[in-house]
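If you're matching them up, the sequences are chains Y and X in order.
Taking this note's numbering, I'd label the letters of the first sequence as residues 1 to 625.
Taking this note's numbering, I'd label the letters of the second sequence as residues 1 to 48.
Be aware that a few hints might be false.
[To be verified] So the derived label-pair ranges between C-beta atoms look like this: (1) X:A13 / Y:P50: 56 to 64 Å; (2) X:A13 / Y:P498: 23 to 31 Å; (3) X:L26 / Y:A265: 41 to 49 Å; (4) Y:L610 / X:R28: 31 to 39 Å; (5) Y:P50 / X:L23: 49 to 57 Å; (6) X:R28 / Y:K86: 25 to 33 Å; (7) Y:F232 / X:A13: 32 to 40 Å; (8) X:L26 / Y:R168: 35 to 43 Å; (9) X:R28 / Y:F222: 18 to 26 Å.
Calculated from the structure, these hints are not laboratory results.
From the three backbone atoms N, C-alpha and C, an ideal C-beta is built for every residue, glycine too.
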Amino acid sequence: MERATETVALAGNPNAGKTTLFNALTGSTEKVGNYGGVTVEVKTGEFFTPHGRKLGLVDLPGCYSLHGGSPDQQIASDVLRGAHAKHSRPDLVVCVVDASNLERHLQLVLEVLELGIPAILALNMVDMAEKSGLRLDPVKLSEELGIPVVPMQANKGKGVIELKQAIRHPLPSVPPLRWTAGDAESRRNFGLQAAAIAARRPTVHDANVSDRIDAVLLHPVFGWVAFIGIMFALFWSIFSFAGIPMGWIESLQDASVGAVESRMAEGDLRDLITQGIIGGVGAVVIFLPQILLLFFFIGLLESSGYMSRAAFLMDGFMARVGLSGKAFLPLLSSYACAIPGVMATRTIDSAKERLVTIFVAPWMSCSARLPVYLLLVPMLLGGSEGGAKQALIFLSIYVVGTLTAFVVAGILRGRLGPDEVKSHFLLELPPYRWPQWGYIFRHVLDRGWAFLRNAGTVILALMILLWAATTYPKLDSDDPGEVLDHTIVGRVSHFIEPVMRPMGFDGRTGTAILTSFAAREVFVGSMAQLFQVDVVDDEKETRTHIREKLVSEKWPDGRPMFGTASVISLLIFYIYALQCLPTSAVVAREAGSMKWAVGQFIFMMLFASLASLVVYQVLRALGVS
Amino acid sequence: MNVEETANWQSWAAPVVVVAAFLWLLLRRRFKRSRSKGCNDCGTGKSC
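So that you can see chain X by itself, here it is in the shape it has in the complex (with noise of 0.2 Å):
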């Protein structure tokens, strides 16, 4: 693919991205839960 075709799709590959980012924040908790580690200074194993 050239580098002008790359124009015709992302009009709508940059809405997927945004809307994949806002599923994966709403999501991320029920998946983090189970193998966070982080840091671990405070033991909860939360990012800080």
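Isolated chain Y (complex conformation) (with noise of 0.2 Å):
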């Protein structure tokens, strides 16, 4: 095949569609999002020009200067100067602009231009500029700058191919510079001529429907209650919506457990099937509609521009305990997952900032603690599934630890000092969009699948060794408590008892709780096997019969072994306890030292487990059972 000999980069400011351009070009999905800092790394793939030539593309993280102090800048700059470990020096650039900010992005395009590459400038999205009244004149912009202008709207497609044909040998030549290089000076007044002339802005400024949204979206006292509001609505709906699918998700387990039992006699091999793979995998699976609506109410605020806004009210408040705006959207995704969140601090400019921010990042509850939490939070409510009280429960639970974070990252911010150079915080507020469907489907199927393929292949693997471990070493006994005893389990609960007790669990959850290390998730399908909850017969809600069976369970003194006080506990370990070993990799990564990884790791089990305890005791001192 032939390889692809010349590269060509995608450079822009933040959130001027680089990647929707790059997704187009190259037919990938690389996540896209209506704010600034999507992407924080190169990202490369081939296209071919109308002429079948085939050519590298490079998408450059955003950037405002190539003097830019934070990491995400810095590999951009580095690249577009050739000074790049991986990436050689690109054969041309294609400066992607917002058409309606053109005075700033075109900043970043003469920066380019003063670095002698061939390029070629994408007026993206201008269909939002006309909208708001600006005229544009592509032709003049070209015969300002000297070099080829293309109108796009690169995420409907349109100018793609003007583009490509754009993109031909012989390649643009370098303009002639008609400002003095190296002088900002002179580099931003020439910008700005050059955007007046091509851009022509009405006289009179009407507000438009972006500027109503904000007034009440970005009001002092409105723009709280709709924050607030805009997720309660998220969470309420994550428990209302998905109760229809995973009604589905449990009769297929019914079914293939009757047929399972239909097929085989009574044996080892029928209780690895029914019990290990079909009640412990299918424990873990039906959760993947809730995990599917978290993913796509997150993509439908990154989409339409609400969470800059986030960041934007967020601010005043993050700055409190040392921290920008910038820091919230990293830990905003973190609710998803920690570890593109731990991957976004690349887009803060001080370094201790960022390392707070890595440091804290965790304790944002990600997707997979919601299958532990959907089992214990209805225990503390009578044990039915849905309704107002649990919303209400389950944000409480996102809060608790969001707070913590933000008082930890307070202590720890204090104890860095202060930076050497002061950073300021820079937001760019897009105009509201309507979602990227496309896009927001794809990655929530993406999403989808990658839960799917762990549960079919580490959890499913964990679950028939902890089967294994429920039942040998066998005993012939007709009493299964003395039978369960028996078995590896048994043995290894009753080692780490006395530690588990004062924190309100018995040797089994703290079992469970050390399965969850592979993966958090695990935990819920560890309760059902070793409580022995039987899926065989039960044509009830699993987590409803793995709740009746834990609500059911006594210490030896008669009290509840799952009432109030231990489930609160166990909520509050799981909260804080840091149970990824995906994620400390990436901290290890980003923070470039083993030793903050391994750090944040015996401080979080640390934090849990007195957290936990304390929580057990005072509950137990006021009289809670």
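Using the hints, put the two standalone chains together into the complex.
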């Protein structure tokens, strides 16, 4: 096959639509969002010109200037200067600019031209600019800059063919500069002048739809009401809408158990399949609808432009703990998964603020904790699922994690001392847009598939091993308690029980916690197995069955084992414990030190255990069962 | 094979499945490294 010999780089300010254009050119499905800083590292792909020539394409992280301090901006600058270790200097740069903000976006284009690389300007989002009343003149802009200008609407695929035609041999020559190279003032003036010629604004500024929406959503009082309302609606919807598909999964599970039982006689392998595989994996897979909904809503917030407003609202709050609004987006992403959250801290200029954000990011409750919360929260409210009260408790769980993260961030930030170079929080508030449904659905499906694949591989294997640990060595006895005590799990449970008991857990719950270090969601399946929840003849909801079983468990002194105090203690443990090895691996890489990742893991484990212990003991002292 | 006959081989088949699962968990990183893709939001190819 023909190798790509020449490379085209996509450069531009954050949220100019570089990744959307990258996806349109290469047919990829890289993540896009209606806020700056979605891309924090170089992404590569290939595409063909209309003449069949294959070209390499690199999508650079967005930057306002080639002299920026944050790691993602440094990467973009290094690639364009030919100083990056992995990527060679591109042969052509496509500067992607937002047509509505030409004055600001052109500054980077001029910096790129100063580097002496052939360039083409992709004038993106012309529809939005024209809707806001701007009159664009791409021909004049091309004359001013001396490079080809292609008007386009990358999200609809408009202008992509024209852009490909513009990237043809011979590549555009580097124009003579009409400003003094290296002189920021001269460059700025030329940029403003070019923008004024190419995009004429109406003399009277009318408030557009985005301005009118922002008047409410960024209002000092109504803005917060709306923020809390949106977050509450998000969690309530996750609870309410997921019920129906969860019913389908349960029916499928019951049917599978029935099918196996009708084809196999009683025996070890049948138990392994029905209890270990279908029961254990099914207890995890049942949460797929909630996880899909969570990613759908986060995608909706990102794509519509509300994410940036949330960051703007939170900036004042974040400043109190020594962070800026820039740290908010990585933290918010961590609600889905801490790994992209930790990666997104690359947009933060201050190295110290970045380290602090990385440190507390795993305390934003990620989607893997959702199954654990969904199992435990209804136990606080008498067992039934759904309703506003549960949504409120859910919201409180997320608030507890978030507030602790902020308090610890404040303490840590104070200890690290001030920055040598002061950074400023600059946030672009993009216009509200209709969500890009295609991208959202594709992203949701990708995440759902990743969850299922995990359930079908690692979790499946762990469930098989756990089944073995609860079955072997075998004892010939009719007492199920005695049989379990004889097994590996029974022995481990007895061993760890003295440590777990002050936190309100017995040895089996302790063992379930140990198994969930591989993946947090394993906890639910482990509890089902360890407490011998029989899914064979169960026609009710599996989780209701697990809960019923847990509620009926008693300590030797007759007290309920899963009373309010124990359940809250367990919830607190899962809010704070860092039980995710991939996160620790990414933290080690991003923080540039293994020590930081190990320190974070130990600190979070100790914090979780201590918090759990204190909460349980205080609740017991207050007379809570 | 009728349903009753399955009881004969279940007692050894179950441990075989368990050992296979254990070996797979132990060795999967070796197989995985070269073809891991995942969601790759983070660029590491790890599942999350």
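We went through each hint and held it up to the structure:
Taking the beta carbon of each, A13 of chain X and P50 of chain Y are about 60 Å apart, inside 56 to 64 Å as hinted. At about 38 Å, the CB distance of A13 of chain X to P498 of chain Y disagrees with the hint of 23 to 31 Å. For the hinted restraint 41 to 49 Å between L26 of chain X and A265 of chain Y, the CB-CB distance of approximately 32 Å leaves it violated. At about 35 Å, the beta-carbon gap between L610 of chain Y and R28 of chain X stays in the expected band of 31 to 39 Å.
Checked against the given bound of 49 to 57 Å, the beta carbons of P50 of chain Y and L23 of chain X, roughly 52 Å apart, stay inside it. Against the hinted window of 25 to 33 Å, the Cβ-Cβ separation of R28 of chain X and K86 of chain Y comes to about 28 Å, which satisfies the hint. Separated by about 51 Å at the C-beta atoms, F232 of chain Y and A13 of chain X break the suggested range of 32 to 40 Å. Look at L26 of chain X against R168 of chain Y: about 53 Å separates their beta carbons, and that is not inside 35 to 43 Å.
Distance hint check for R28 of chain X and F222 of chain Y: the Cβ-Cβ separation is about 52 Å, which falls outside the suggested range of 18 to 26 Å.
In the structure shown, a violation is registered for the earlier hints numbered 2, 3, 7, 8 and 9, in ascending order.
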